[in-house]
Amino acid sequence: MASKLRFYNTLTRSKDDFVPIDEKNVRLYVCGPTVYDYAHIGNARPIIVFDLLFRLLRHVYGEDAVTYVRNITDVDDKINARAARDYPDLPHNEAIRLVTEKTEAQFHADIRALGVLMPDDVNAPGQPPRFVEPRATEHIDEMRMIIERLIARGAAYVAEDHVLFSVSGMQRLPNVPKYGAFSNRSLDELLSGARVDVAPYKRDPMDFVLWKPSGPKDPSWPSPAGIATPGRPGWHIECSAMSWRHLVKAFETRLSCDDPAARETFDIHGGGIDLVFPHHENEIAQSCCAFGMPRMANVWMHNGFLQVESEKMSKSLGNFLTIHDLLKDWPGEVLRFNMLRTHYRQPIDWTVRGLEESEKVLDRWYGLTAGTDAAPAFSAPVTEALADDLNTPRMIAELHALDGAGAHAELIGNLRALGFLAEGLEAWKARRRAALAVDPATVEALIAARREARAAKNWAESDRIRDELAALSVVVKDNKDGTTTWEVAR
1 MASKLRFYNT LTRSKDDFVP IDEKNVRLYV CGPTVYDYAH IGNARPIIVF
51 DLLFRLLRHV YGEDAVTYVR NITDVDDKIN ARAARDYPDL PHNEAIRLVT
101 EKTEAQFHAD IRALGVLMPD DVNAPGQPPR FVEPRATEHI DEMRMIIERL
151 IARGAAYVAE DHVLFSVSGM QRLPNVPKYG AFSNRSLDEL LSGARVDVAP
201 YKRDPMDFVL WKPSGPKDPS WPSPAGIATP GRPGWHIECS AMSWRHLVKA
251 FETRLSCDDP AARETFDIHG GGIDLVFPHH ENEIAQSCCA FGMPRMANVW
301 MHNGFLQVES EKMSKSLGNF LTIHDLLKDW PGEVLRFNML RTHYRQPIDW
351 TVRGLEESEK VLDRWYGLTA GTDAAPAFSA PVTEALADDL NTPRMIAELH
401 ALDGAGAHAE LIGNLRALGF LAEGLEAWKA RRRAALAVDP ATVEALIAAR
451 REARAAKNWA ESDRIRDELA ALSVVVKDNK DGTTTWEVAR
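Residues 1 to 490 in our numbering are what the sequence shown lists, from first letter to last.
These are computed hints drawn from the structure, not numbers from a lab. Be aware that one or more of the hints could be misleading.
[Said to hold, decoys possible] Mimicking DSS-like on lysine-lysine, the simulated pairs with C-alpha atoms at most 27 Å apart in a straight line are:
(1) K249 <-> K212
(2) K360 <-> K480
(3) K312 <-> K78
(4) K178 <-> K15
(5) K480 <-> K457
(6) K360 <-> K328
Given only the sequences and the hints, what does the whole structure look like? Please build it.
This is how it looks when you write it as structure tokens:
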């Protein structure tokens, strides 16, 4: 019997028992990055949080029982602008592909350093993939199919070469939720929403774009609904198409449940709290109306906002931090641990002090790996903490308790299961030395000179050399056996 999991569900606004549709096929979708530039540290939060959820689900239900889909948005106005700037002479579809392939590679390199699982770590040859990273541009057919279904059901219409979702048409359909119910917004709030684009071809101000005509410098594909002008998809339709393709269509012959409604629904949809409206509200509207379902996903999980040193992160304030730049100064595992110190639903204040504290903890735990080894494994207390809505502060307290009790092998096994201790101890120390530009040969020479000064009882010179080492962020330890060891401290 699987462990009891409880998650806060944005859909019900309560912490509920998690009951998968099919325990042998637990399905998770998370909105991934728009790849046009280096990802910022706020983008890392859902990557880390839902990687942890994926690990927990695999532990509880089995590695072959959980499928994780995290998409890549590779068509977007910002991508189009970057492509036009960098590849002005190439066909536009080819130009955005070059931009997004380069940026996706940067993104993958950065998040791999954060200790997250990647498709290659999970998927086995000849087996159905358990970690899928679909690109939006590879699912244009699915988007057109959903759009055609929406038009046929009266939930979308064509106007001036656009296809728009009809909110009033949705309200007339049976067995679908009310628009605005998910984000808990009234009609007045929806009408005055800052992101609502009012255009003359809209029947209702709340209607939103499913497909739009492409300009001469935009990528384009054949349009749905008999529209002659080539076009491109709106943002929201992309996730409806990719989640349907990989978590519904791909499982139509694999699910053990007989309920037709359950077969058109998947288990968990995740993302940042900023996506609740309009993105997730609109995903639900599209998917439910296209397939006549009351729900798109049973559980919706959202991580909180991130600010930097108590201020909103922005380029104008000079505190815009990319994962790539942070990795120049901090090991990725420090970023991961620092992120998990705050419960995922709470706002997080990203500070240098917090990073220093996180690094100090990991320094100790890496030190325990010398002479102690253990395979990755969740212990019961850690599992119980995570089963309670991914309670990572409690999880960390349980890890400290294992350390305090001297259960170092159990501690190391948990840390490895959680995505830590991926490096050897010497590699960890070397990384820190390199980050602080500490030359081991210089340090060893100073230690030798200090040893000679101490042998000559030249205490003033010995103290001077110790101070010089301290200025290099090097702490020396004189051992009882007469040897001297050293480590880097920030």
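Index of numbered hints that the structure contradicts, given in increasing order:
Failing hints: none at all.
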